[in-house]
Amino acid sequence: MPHHLFKCSQCIPEREKHAVIKGPGEDLSHALPLGYLSTIPGSISERGCAYCGAKHVIGTPMKDVIHLSHGPIGCTYDTWQTKRYISDNDNFQLKYTYATDMKEKHIIFGAEKLLKQNILEAFKAFPDMKRMTLYQTCASALIGDDISAIAQEVMDELPDVDIFVCNSPGFAGPSQSGGHHKINIAWINQKVGTVEPKITSDYVINYVGEYNIQGDQEVMHDYFKRMGIQVLSTFTGNGSYDDLRAMHHAHLNVLECARSAEYICNELRQRYGIPRLDIDGFGFEALSASLRKVGLFFGIEDRAQAIIDEETARWKPELDWYKERLKGKKVCLWPGGSKLWHWAHVIHAEFGVDVVSVYTKFGHQGDMEKGIARCEVGALAIDDPNELETLEALEMLRPDIIFTGKRPGEVAKKVRVPYLNAHAYHNGPWKGYEGWVRFARDIYNGIYSPIHKLALLDISKDAIPTDKGFVTRAMLSDADLSDEVRSSTTLRQYTGKYDSLSDLRGKTYPRFERRPAKVA
Amino acid sequence: MDDLTKDRIEELVDYIMKHCLWQFHSRTWDRKDQNVGVLTKTRQLLCKERVELETPADRCYWADAVCLVEAFRHNYPWLEKMDKTETAALINGLHERLDFLTITGSLNLELTDQHY
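Keeping their order, the protein sequence lines are chains G and Y. Position one of the first sequence corresponds to residue 1 (my numbering), numbered consecutively onward. Position one of the second sequence corresponds to residue 1 (my numbering), numbered consecutively onward.
The hints are simulated quantities; they were obtained by calculation from the structure and are not laboratory data. Some hints here could point you the wrong way.
To be verified - The calculated lysine-lysine pairs, modelled on DSSO-like cross-linking and capped at a C-alpha distance of 27 Å, are:
1. K327/G <-> K18/Y
2. K330/G <-> K18/Y
3. K81/Y <-> K6/Y
4. K468/G <-> K95/G
As the list claims (entries may be wrong) - Quick list of simulated restraints, FRET-style, between CB atoms:
5. I73/G <-> V36/Y: 45 to 53 Å
6. E392/G <-> K6/Y: 35 to 43 Å
7. D14/Y <-> S148/G: 44 to 52 Å
8. Y15/Y <-> L481/G: 25 to 33 Å
9. G42/G <-> T112/Y: 25 to 33 Å
Note that the structure is a prediction, hence the values are computed from the model and not measured. Glycine is no exception: its CB is placed at the ideal position from the N, C-alpha and C atoms.
In isolation and in its complexed conformation, chain G is listed as follows (with noise of 0.2 Å):
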């Protein structure tokens, strides 16, 4: 497993070290990129901060909150529809930001008269909301601001409400995950163990590391609901801040993104003796195994089991249809930590599609042992690119389709290569079995859009055919299908709703003969 380094970056041969191809025979101990450190003077990262990793990654998924932040204003703007952390409460999370709008005069006099002034306006203005989320950013801890003095301030004078208080300005790491670290550690040392929760089932857990990006959470929380589990709180997407300080009474945790929160899941363990119980949501075959785990915990692996049959029946062959259509296409997996691991070998497995490069932009080695473990021989993987590392990629592997995330996605469109959002997604839900083929249906139409064939064509210097119609998907995708498959009656199109989520929020569901939990 040789490093391998840019072309571009010869100016860098710090870089070298943070490239590799996976080779034939080898394994994980001849090569691994280096991880998590400061980003290389000279390379123009793509990373976020470690403010950004709290706030805009874990924190403000949570639903019933005011998520402020102790800054200039420009710190919140990622807020505001640049992310899909839904939520069931009309989104009141990604309706509304708030930030003190620190100035010079600030910088220089202090800001924590107005930093309490605009926590009591907040409050006043969202009379409903009792919670806030108050983030520290470079300016204001750069000039000492005691933002938790300020926040115990307030609750004393308003006891009905409760703050919670994250010291993550910008420059605490070398890139959004130390602001991940950060958070969940302060999360647990303010809040856990503050609510004593209701207990409504004898199977109760904490879903960790989920976002509930375009729907995520409701689907995987249907499954569990279908099992007659108590899902006690979400981490962070959907979620609530009441649940959150609850977390100690769970009997498991459920662990999705282990990249983002398993620190939280750590010091559960440690502190409280909850286990923790890693999974994938993505993919039949992974997914259906996460259910029958979280089953097989409780005793209750016979109601999973009839969740994996009915789903499986019901969208396999929808999955299979676009299989066929995907099979042999090359895919850069270049995603921001976790997605590199969950989706390295499944979407190998049930798309078909071959996975020529995975990259991360704020994962550590870690991240890329799952990676590389899970990936084909001949697979580029990549720490920390820059744009011009991109681009010679691209260059050198010219994949069919990237997921990525909006900003290097943008990059390829220019040199012609598709792309979907990975972090965000397209027509997301992507978790969950209809997710999956939700997942499957982008693939499908990002890879044969039609306009990627006209764009190809250089009007500078390419002639162009005047003798073709226009031509659609089907006559691209189905070009050299056999007669079996392109005629099979099985195998069938997404046939779900454009919006798979609505039926989910008002769904009701059985009630299960009391089976106290194995649980030791």
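Fit chain Y to the given chain G structure using the hints.
Structure of chain Y alone, referenced to chain G:
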């Protein structure tokens, strides 16, 4: 160790790497506990021995082990033809190899980081 056993261990390792997550916790001590917890119960299930389920952590390891054993039996039919002694030796070999790849031979510099 003969070549056939080595090949079989590599097949099992490949399955674990592509389908499981329990072997990749973030610190050396944690990976040791995970590998012991899941693979001990895997061996006990395959060898039809008594499996201890005394604590919540035991049940968690056991849930992972049950799914692993089902997958092993489904994907590797040669496993059913092995007797208990051979099976136990195979899983011990698997344990050694997994410890090497995830702990002693791992190039992950964070494994021994004192700050979690």
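We went through each hint and held it up to the structure:
| no. | hint | verdict |
| --- | --- | --- |
| 1 | K327/G <-> K18/Y | 19 Å, holds |
| 2 | K330/G <-> K18/Y | 19 Å, holds |
| 3 | K81/Y <-> K6/Y | 17 Å, holds |
| 4 | K468/G <-> K95/G | 47 Å, violated |
| 5 | I73/G <-> V36/Y: 45 to 53 Å | 52 Å, holds |
| 6 | E392/G <-> K6/Y: 35 to 43 Å | 38 Å, holds |
| 7 | D14/Y <-> S148/G: 44 to 52 Å | 50 Å, holds |
| 8 | Y15/Y <-> L481/G: 25 to 33 Å | 31 Å, holds |
| 9 | G42/G <-> T112/Y: 25 to 33 Å | 30 Å, holds |
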